[in-house]
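Asker: Sequence:
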Amino acid sequence: MEWCVSMPKVELHAHLNGSIRDSTLLELAKGLGLNGIIDFSQVEHVILKNDRSLAEVFKLFDVIHILTTDHATVTRITKEVVEDFALENVVYVELRTTPKKNDSKGMSKRSYIEAVLEGLRAVSSVDVDFNPHCEELKNLSNPVLPVSGTNDKCNANARKKVFVRLLLSIDRRETTEAAMETVMLALEMRHFGVVGIDLSGNPAVGEWVTFLPALKFAQEQGLYVTLHCGEVPNSREIHDMLDFLPQRIGHACFFQEEHWRKLKSIKIPVELCLTSNIRTLSVPSIDAHHFAKFPLKNLRTRKVNFFHQEKLIPLLKSVHAVVY
Numbered sequence: 001m002e003w004c005v006s007m008p009k010v011e012l013h014a015h016l017n018g019s020i021r022d023s024t025l026l027e028l029a030k031g032l033g034l035n036g037i038i039d040f041s042q043v044e045h046v047i048l049k050n051d052r053s054l055a056e057v058f059k060l061f062d063v064i065h066i067l068t069t070d071h072a073t074v075t076r077i078t079k080e081v082v083e084d085f086a087l088e089n090v091v092y093v094e095l096r097t098t099p100k101k102n103d104s105k106g107m108s109k110r111s112y113i114e115a116v117l118e119g120l121r122a123v124s125s126v127d128v129d130f131n132p133h134c135e136e137l138k139n140l141s142n143p144v145l146p147v148s149g150t151n152d153k154c155n156a157n158a159r160k161k162v163f164v165r166l167l168l169s170i171d172r173r174e175t176t177e178a179a180m181e182t183v184m185l186a187l188e189m190r191h192f193g194v195v196g197i198d199l200s201g202n203p204a205v206g207e208w209v210t211f212l213p214a215l216k217f218a219q220e221q222g223l224y225v226t227l228h229c230g231e232v233p234n235s236r237e238i239h240d241m242l243d244f245l246p247q248r249i250g251h252a253c254f255f256q257e258e259h260w261r262k263l264k265s266i267k268i269p270v271e272l273c274l275t276s277n278i279r280t281l282s283v284p285s286i287d288a289h290h291f292a293k294f295p296l297k298n299l300r301t302r303k304v305n306f307f308h309q310e311k312l313i314p315l316l317k318s319v320h321a322v323v324y
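Residues in the sequence shown are numbered from 1 upward in steps of one, following UniProt numbering.
Worth flagging that the hints you see were computed from the coordinates, not collected in a lab. We put the beta carbon where it would ideally sit given N, CA and C, even for glycine. A few of these clues could be false.
With a straight-line cut-off of 27 Å between C-alpha atoms, the simulated BS3-like cross-links for lysine-lysine are [what the hints assert, rightly or not]:
#1 K160 to K105
#2 K109 to K59
#3 K79 to K59
#4 K49 to K109
#5 K160 to K30
#6 K105 to K161
#7 K161 to K79
#8 K109 to K262
#9 K30 to K9
#10 K59 to K49
Ranges between beta-carbon positions, derived for each pair [said to hold, decoys possible]:
#11 R261 to S124: 46 to 56 Å
#12 G33 to S125: 22 to 32 Å
#13 A204 to T176: 16 to 26 Å
#14 L48 to L187: 21 to 31 Å
#15 S285 to N35: 13 to 23 Å
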């Protein structure tokens, strides 16, 4: 077990809101409950439930959105999430988050991302690098997401360092105009570690054509694009997403053989998320997981808190199940 914890790791599919500590969520919920904003008894079980269906996962995300509506909270959770990944010896992490607007709190999409950046600056347990090298900004046509940067903290003492980059997420509930607003914000924030765009959210909501104009514009401007793809059965959308040629896709739980053939021919990397796929019942078991369709090249940690992983045990089980 120790070798797995100590192994340097790269995390490419971390939702900020999906990586918040349970203790923090409960504390925030209790505070809102005391202020009469929510009924704590109605949300406590949603936070603490272990195995959730995909629909229940998005119900929890709805609760989290209610709990994280001010700048100070966004800064706090960002700081804690990076510190938790550092404890698991993650050396490079891409945090994806949907820029949120909340007029009652004076929050714009831009100020939300600025609060995230403030959280990165606030990390004290490790050095955090989130400013890309000039070379990264000059080479935006490179199909591989950048993994290096300059040290933001400039600490004279050698300390553990975590490289952090940001993906701004387009929620499938959003309009074309809102999606374009997120892309424009990502372009403005490239000098602060924003490297790309993610399409995510409830896969049962929204149409691919709604987001396509914004995603095409993002690629034309040199932003990298990763898509949640095949989380639910939708063959037409899967084909359309693969035709778009994103830099990466996530999940691919409901790919048919024709989709796999197409994927392999165009060589798009897949962000596989074993623990969440099993616990959300998207895949019945480790033995049946499509992980076995791919050569064993990279293993990732998958949201250290959201699916209650204890010291990467599911990771070890997946290795045992798939490697013969």
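Asker: So which of the earlier hints does this model not fit?
Answerer: 1, 4, 5, 6, 8, 9, 14, 15
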